[in-house]
Amino acid sequence: MSSPPPLDFPTSDLDAEMEDGTAKSAAGSGRGPLFLPGTPSAAGTPARHRGSDAPGSDVFRSAVARRAVGLPATPRRGKDPLFLAGNSSSPMAFPSSTPAKTPRRSGAQMMDSDPLDFPTSPATVAPQTPRHRRGDIHPTINFTPTSSARRARRNTRDPSNLNSDGTNLDIPMSSAAPHLSAAPAPSDEPDEIRAIWGTTVSLSDTMKMFRDFIQGFKPKYRAQYDRENGIPTKPFQTPEDAEVVLYEQYLRRMRRTGDTNLNIDVINIMVYPHSKKLHGQLIKYPQEVIPVMDQVLKDLMVELAELDHEAGAEGMEGQEGEEEIADIISKVYKVRPFGLASVNMRNLNPTDTDKLVCIKGLVIRATPVIPDMKVAFFRCLTCQHTVQVEIDRGKIEEPARCSREVCGQVGTMTMIHNRCEFADRQVIRLQETPDAVPDGQTPHTVSLSVYDELVDVAKPGDRLVITGIFRSVPTRVNPRMRTMKSLFKTYIDAVHIKLGGGGTLGFDKTTRPAQGDRAPGVAGVGDGGDEDEEGDGGLSRKAEMEKRIRELSERDDIYDVLSHSVAPSIWELDDIKKGILLQLFGGTNKSVARGGGGGGPRYRGDINVLLVGDPGTSKSQILQYVHKIAPRGVYTSGKGSSAVGLTAYVTRDPDTRQLVLESGALVLSDGGVCCIDEFDKMSDATRSVLHEVMEQQTVSIAKAGIITTLNARTSILAAANPVGSKYDVDLPVTRNIDLPPTLISRFDLLYLVLDQVDENLDRKLAQHLVSLYLEDKPAVESEDILQLPELSAYIDYARNNVHPIITEHAGEELVTCYVEMRKLGEDSRNNEKRITATTRQLESMIRLSEGHARMRLSPLVELEDVREAYRLMKEAIRTSAMDPRTGKIDMSLLNTGTGSGQRKLREDMRKAVLDMISAGSKNRNIKWSDVVRQLNEQSSVKVDTADFNEVIKALENEGLIKVVGEREKRVIRKID
Amino acid sequence: MVSSLLVDALARPSVLLQDLANVPDDAQDLPARVSKYFGDIFASDDAFNEITQLGLETPPESLTPRSLVRFDAMVQDTACSPEIYLSKRSSGECGGWGLNEHDATDDDPSPVDYNLLRECNVIWAVSIPGQSPWSSSQGDLGVAPSTTPAPSPLSHKYPLPSTAHLGVQIKIYDSTLAEPIRTTDLYSFVGILTSDPWHTSSETVTLVPTIHVLFARQIASTIVPRAFPASFESPVREVREHLISWVADEALAGDKLAAEWVLLAVMSKVQSRAPPILPLSLNLTGFGPSTASNPKLTHVLSQLVPMLAVLPLSLNVVNSTTFVPESKDEDLHSGWLQLPKGSLCIVSEVSMDEGTVSQKGVYNLRTIQDTMSNQTLDYVFPFSQFSFETDISFLVLSAGKKSPFFRTQLQVPLRGSTDTGLYAPDASLIRLPSPETLSEYRNLIGGGKIANITLEESTAKFIQDDFVKERQAASSKNAGKTGDVVTSDDLIIRMMVAKLLAASYHRPEVTREIWEEAKALDERRKARLD
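For the protein sequence lines, the chains are A and B, in the order given.
Start counting the first sequence at 1; every next residue gets the next number (the numbering used here).
Start counting the second sequence at 977; every next residue gets the next number (the numbering used here).
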């Protein structure tokens, strides 16, 4: 329009452009107030219309443009200044131009030229830049206008166009922005090699490679790579699946869904033979390469749309298609690379500056959305000349003087706020996840800047995998001091966010609204399906862990390995450990799907275990250990606990005047294991709450006028001391344990941990302990056991991933076992005060079998699971259901220590005792001490008192003898 | 030559540093060279002691900027973000160590060469919490804590609230030096003192004393170097005997048994994590309610152990102070229990009253119990907790018959024989033995703390037999019914006691005699419980 073409070509300095601009804006100001804010739509419409148009030869485009002018959608798009500046190399301005608008647009750049009018003008370059203005990328160079680049390439494909406007376009591009370090050149200009500053990386090659990649990548390349690296992949359902041009599909999907972000797995770039180099370039020079990719992406989007339009693909016919194309042209497309191997954030160092990195972390803080000024709009107070200044490395250079030479006044430029452009920005503080922190170290944190679509994706508490550009910028530390230029701060500009990265604590998807939640792929297309999230850069830690767990689960002795790993410092008690192990795995929670009330009742899958035993038998240690490994474990002492509530009271015991602490028992370890020590010392009121917890799995609270029910889906592991602190074997269990039978029956397993004096056992125990505690280097456990974190991970994995179902066989076996167990109850002569198997026990058995199957990571409950569950139940029931008067069950079986030798010994002793009693037939009464003395005389070894007690008791139970009297005066009487 | 270098290093460390930087040496990074260079200059203890030591008597404000200082400190916070600095200015001068930071040419147009950027680790260190004055190398002057404590800028980063202390920002340029540093580690940091801003998330910038570290030395957990077995002027049994009577007479109303247990508890430490052989926690009961003054025991023990923290439990303290370090706004606040390894923590319940314990209080009490029984402390970070290993011996003083809050491995009811009170308003009422004797006492305890006790095969066998025999005897006596059967837990405690007993005699081995003595000691303790 006003500036002569020759001026444009050599524009090697800003001045020339300024002049150019000056001329224009002069014209503009002459035209009137359209400059001023308030006319965006008016300005926008023609701009779009121009932008979308191509030199007359292109039929489609002019058609689009024509339509676009009158389209209702136009104003919306027109408001987008990015777009405004965007597609502006069209000469359409000449015919349709309302000159008034042109100058306004010209104000859009520092180089106040009006590029619209001069498609050949190098200044075209400048207006294009906003299209790349992504918050996360601060390129050091500017790029060829997308549209022209696109057209240039189109031209190479389409010779007819080449003649018409190709030359026109190529020239400006090659001379684009000469003051900049580099600019991409179209490939048909071989003389010109545009490279990333300081390297030999040619941008045109880069563009070509990326174009090739998008147009040529097929899943088979990735599959091959995965195979070679031993990464498990899903097999293709059909051979064709391997051959689809994946990213073209994604492009089409983006068009359909209106997405503007394409997530690209960098591994894919690497494995595609033609773009191998691009992978390295992308990581080393993301600031330059990503904008190039954005640009190619947009070109391809348009090309693809046009192709589809020509081919009349669905939804792309006729006018609809043209609208679609116009829409695409108006959009800003962004490539979001991801899939790098993540590094620990403390390994990021200054040499990573400006490179693409990937880190994992936990969001601990996120600022509100910050409007980030991208382009500042200045107006000269004197001459109304306007200038826009773009942000450069976090700074906006305020023009000191009016750039218009005619005016040239100093200090007249003022910022017009509502004409400035802002983008969303958010600063996130990311902290190392616990699994990444080296032992004994405190976690590090880094700052993260997220922009545009990524804003508000992550919330505090989320785990993220971030791909971004690492930055170091000089700090302006203290306003009171001069700038300290030798200090820098670092942060990461995020280009891609993935939620729920690694670790076991992925975010709970259900806590996010279904709508508008694009996680975990976050904003955009191309994560490659929705489920295969695991492919992030080789074998992730999680996958490795999973592999190891799977391997472990296939071991034949996994049950023993795991049970030995439970509290390894505790001697023996194998069955108890096994029971607790199954408790940790737990059964599956079931609810009856059909039936009233939408779901019917819920059956708990939690297994409750009660340990009753003598003091000093490591019960507390077991509890402590479980508390450590159990998910959400809570440890509490039953003494002075109240069931609900989180506060406590220090009060004086009314009797002793001693201070006591009454604490809340925190039974609300919902979803975990609640370990209650000194269960017997719990107050009755508290225990009654446990009734509810243990069967209904809820806690009802009536406090301060509020009545409510809280979930308490918790397994309970309780330990109690017998009445009188030492277990009295002569009394039935129920009299030994001061707990109501109703409560006892709610425990799936009840173990008696008795401190039995047994020479062999004692010796072994002493040996074990002495070596453990006194010798310098405690003997390392020879058997292989899992360390605590590993065991914990195993349990966690099983609980989350395995939900076994009972097979028919197992079901039958359950029935058989239950019937047998009932019989076991009938077997006794006196069933008062005894616990027989009830349906509760059947349920327990089901839960235990499920737990056992889960431990094997088996999806099905099989025969062996039921058998083991039955065995455990029997072991437990046997002891708890034992009545000393009917006691068929040998107490010492409880501890596995009783060897067959010992049993033989007892057998002999039994005979001897019977002989002795029969021998003294005259007097059927024999003194207890006499028997012991006589036995000792007969025997070569000393008679073990415990054995002797057992023998006598057994005889008594059989009804052969009767013991009368107390202690030393006991007399054994023969019964005929 | 060397001495002049020493003088130079003391007077003008920055010049020396600059000179060193100007001599190019590609073989080694500058930070590593600096550590070695200055470490060598101050290799001898005499030279090391020449360095001005930061302390309450010589606060940073009293020193000229950029002077060479030494700070014996506990690392409080290692979670600070590292700092990036330009290792070489455009003018060729060396960067880092606060050198040439202030650039006059404000608008340096030359682009930054990112290859010259280096990382420097920033940590926060505080005066060693609970350090007894005698163990500080500033000399045992018996100075009462200065009446006007200079307020440290970030007092929330010191474990013991409202206690005079120093807090200093430490910048470490040598990454090999910085890497092994963990929280609660004890170090002597030597470097150049400046005043730098402290980076927090808050907008306000505070200037804090900062040491740009030239080199650092780790401090042993006994603070003063100790030997085991150590040599004593008089036979060790006598020293031990005197020590016990002194503690008993001055602090425990003449109760020698309790004093002996205190001695053993003070010497116990973490011996192994797997299996867990942790310090024995001791509960002294029957102190009676407090009369607003401290138990004498704290005064006495502060003369004996190098690091002693007194945690005076009261409803207020429990409900409103923090016990565990917690990261708030990315600043790691300290808590009562963030104590160096090897500390003794006296939890005094004597001033506890009736009332409500808040949720925080319950959490706090639980934390003490957990630390006591697991010797780990969970630092609270947003959305996560990190467990750190500690090594703190706990001594719980209860007013009543037993502690309402804690379960300790050992419990000893106090049986005073004299009517001297258990409480004293201040340390002046304690009669101190002669300095030589006192130093013998300290030597005995310090040596015992680092002792490594072994056991001969025959003794191990003896102990096993003894255990079996005892159980047999007990069970036959009571015919398997109720009674005092020795349990495995008893055995464990006895064995730990035996080890400590051997250590207290400075004997490297548990012998039969010591085993018998340990048993007897435990029996006497148990007898009091009934």
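Be aware that one or more of the hints could be misleading.
[Unchecked claim] Here are the simulated lysine-lysine pairs, DSS-like style, with alpha carbons at most 27 Å apart:
(1) Lys489(A) x Lys395(A)
(2) Lys1502(B) x Lys764(A)
(3) Lys489(A) x Lys355(A)
(4) Lys1064(B) x Lys489(A)
(5) Lys1495(B) x Lys681(A)
(6) Lys1317(B) x Lys1336(B)
(7) Lys1304(B) x Lys628(A)
(8) Lys276(A) x Lys208(A)
(9) Lys764(A) x Lys1336(B)
(10) Lys1445(B) x Lys764(A)
(11) Lys1304(B) x Lys1336(B)
(12) Lys969(A) x Lys1445(B)
(13) Lys1064(B) x Lys284(A)
(14) Lys927(A) x Lys874(A)
(15) Lys962(A) x Lys974(A)
(16) Lys489(A) x Lys1304(B)
(17) Lys1336(B) x Lys628(A)
Rather than coming from a laboratory, the hints here were simulated on the basis of the structure.
We went through each hint and held it up to the structure:
Taken as a hint, the Lys489(A) and Lys395(A) pair is honoured in the structure, with Cα atoms around 16 Å apart against an allowance of 27 Å. A C-alpha spacing of about 26 Å is found between Lys1502(B) and Lys764(A), which places the hinted pair at or below 27 Å, so the restraint holds. Only pairs whose Cα atoms come within 27 Å are accepted, and Lys489(A) paired with Lys355(A) is accepted, the gap being roughly 16 Å. Straight-line distance between C-alpha atoms of Lys1064(B) and Lys489(A) comes to about 17 Å, which keeps the hinted pair within the 27 Å bound.
Distance restraint check for Lys1495(B) and Lys681(A): the Cα-Cα separation of roughly 31 Å exceeds the 27 Å cut-off, and the hinted pair is therefore not satisfied. In summary, the hint linking Lys1317(B) to Lys1336(B) is supported, as the alpha carbons are separated by about 25 Å, within the 27 Å threshold. A distance of roughly 26 Å separates the Cα atoms of Lys1304(B) and Lys628(A); the hinted pair therefore holds under the 27 Å criterion. Between Lys276(A) and Lys208(A) the alpha-carbon distance is near 12 Å, which keeps this suggested pair within the 27 Å criterion.
At most 27 Å may separate the alpha-carbon atoms for a hinted pair to count; Lys764(A) and Lys1336(B) exceed this at roughly 45 Å. Proposed proximity of Lys1445(B) and Lys764(A) is supported: the alpha carbons are some 13 Å apart, at most 27 Å. Distance check on the hinted pair: Lys1304(B) and Lys1336(B) sit about 16 Å apart at the alpha-carbon level, within 27 Å; holds. Using a Cα cut-off of 27 Å, the hinted pair Lys969(A) and Lys1445(B) holds, with the two alpha carbons roughly 25 Å apart.
For the hint pairing Lys1064(B) with Lys284(A), the CA-to-CA distance comes to about 24 Å; that is within 27 Å, so the pair holds. This hinted pair does not check out: Lys927(A) and Lys874(A) have alpha carbons roughly 37 Å apart, beyond 27 Å. For the suggested pair Lys962(A) and Lys974(A), the alpha carbons sit about 6 Å apart, so the restraint of at most 27 Å is met. Between the alpha carbons of Lys489(A) and Lys1304(B) the distance comes to roughly 21 Å, so the proposed pair stays at or under 27 Å and holds.
Of the supplied pair hints, the one linking Lys1336(B) and Lys628(A) holds, its CA atoms being roughly 21 Å apart against a limit of 27 Å.
Consistency note: the structure conflicts with the earlier hints numbered 5, 9 and 14.
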